[in-house]
Amino acid sequence: DVKVTQSSRYLVKRTGEKVFLECVQDMDHENMFWYRQDPGLGLRLIYFSYDVKMKEKGDIPEGYSVSREKKERFSLILESASTNQTSMYLCASQGQGYGYTFGSGTRLTVV
Amino acid sequence: GESVGLHLPTLSVQEGDNSIINCAYSNSASDYFIWYKQESGKGPQFIIDIRSNMDKRQGQRVTVLLNKTVKHLSLQIAATQPGDSAVYFCAVHETAGNKLTFGGGTRVLVKP
Numbered sequence: 170d171v172k173v174t175q176s177s178r179y180l181v182k183r184t185g186e187k188v189f190l191e192c193v194q195d196m197d198h199e200n201m202f203w204y205r206q207d208p209g210l211g212l213r214l215i216y217f218s219y220d221v222k223m224k225e226k227g228d229i230p231e232g233y234s235v236s237r238e239k240k241e242r243f244s245l246i247l248e249s250a251s252t253n254q255t256s257m258y259l260c261a262s263q264g265q266g267y268g269y270t271f272g273s274g275t276r277l278t279v280v
Numbered sequence: 161g162e163s164v165g166l167h168l169p170t171l172s173v174q175e176g177d178n179s180i181i182n183c184a185y186s187n188s189a190s191d192y193f194i195w196y197k198q199e200s201g202k203g204p205q206f207i208i209d210i211r212s213n214m215d216k217r218q219g220q221r222v223t224v225l226l227n228k229t230v231k232h233l234s235l236q237i238a239a240t241q242p243g244d245s246a247v248y249f250c251a252v253h254e255t256a257g258n259k260l261t262f263g264g265g266t267r268v269l270v271k272p
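The listed protein sequences correspond, in order, to chains A and B. Position one of the first sequence corresponds to residue 170 (our numbering), numbered consecutively onward. Position one of the second sequence corresponds to residue 161 (our numbering), numbered consecutively onward.
There's no promise every hint is true.
Said to hold, decoys possible - Every beta carbon over 12 angstroms from chain B, so not counted as near; a handful from chain A, in silico:
1) 173
2) 230
3) 232
4) 247
5) 275
6) 276
Stated by the list, open to error - Label pairs and their calculated CB-CB ranges:
7) A:176 with B:211: 43 to 53 angstroms
8) A:186 with B:221: 24 to 34 angstroms
9) A:246 with B:177: 25 to 35 angstroms
10) A:178 with B:269: 34 to 44 angstroms
FYI, nobody ran anything at the bench for these hints, they're computed from the structure. All C-beta atoms, glycine included, are put in the ideal place defined by N, C-alpha and C.
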């Protein structure tokens, strides 16, 4: 069974901390995505990557960066966490078809 | 770009009844459509998809209908069960570009 694994289900971090959210897929997919999900706002695209060492800004990249050093791993970095980055973060990958496979999500709380 | 809307943020349905969830999209160049189900505390899971050259596709207890004339997509769940309680998203793929645009989600609550 194909899988997208997000390293943490729940995280609590302090304001100003540097936060790393990790995502690994085992499907040899080229494309990977990071979304945040907030009540009433739906899924919003933060960053995406179509290849190793490649990254593209999504709709809300401010305050975030990403890293794709290996094909299977796509990391989301919060350079200096703020309380408005408290959210559910979802990683997804996309193979030859158009559909995405999602991870289980990381619920991040910044205090 | 694509904008996707969902009708009825919350749908309350009696167990055993059929559920219908609707989705409108704006770009007539959209070529592929997906429905996802998201249970509480989990990531979205694929339910069913349909390509723009079709108008109906059936799965196990689910049917997706596509009306390209009015740019409308629906998901029908037959004999709704408690395990169907979740948030349902439509997602739309445009021919140009290779990303999905997601609707806001409809919460389905199944009453026993």
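Checked hints:
no.	hint	in the structure
1	173	violated (8 angstroms)
2	230	holds (14 angstroms)
3	232	holds (21 angstroms)
4	247	holds (19 angstroms)
5	275	violated (10 angstroms)
6	276	violated (8 angstroms)
7	A:176 with B:211: 43 to 53 angstroms	violated (35 angstroms)
8	A:186 with B:221: 24 to 34 angstroms	violated (45 angstroms)
9	A:246 with B:177: 25 to 35 angstroms	violated (46 angstroms)
10	A:178 with B:269: 34 to 44 angstroms	violated (24 angstroms)
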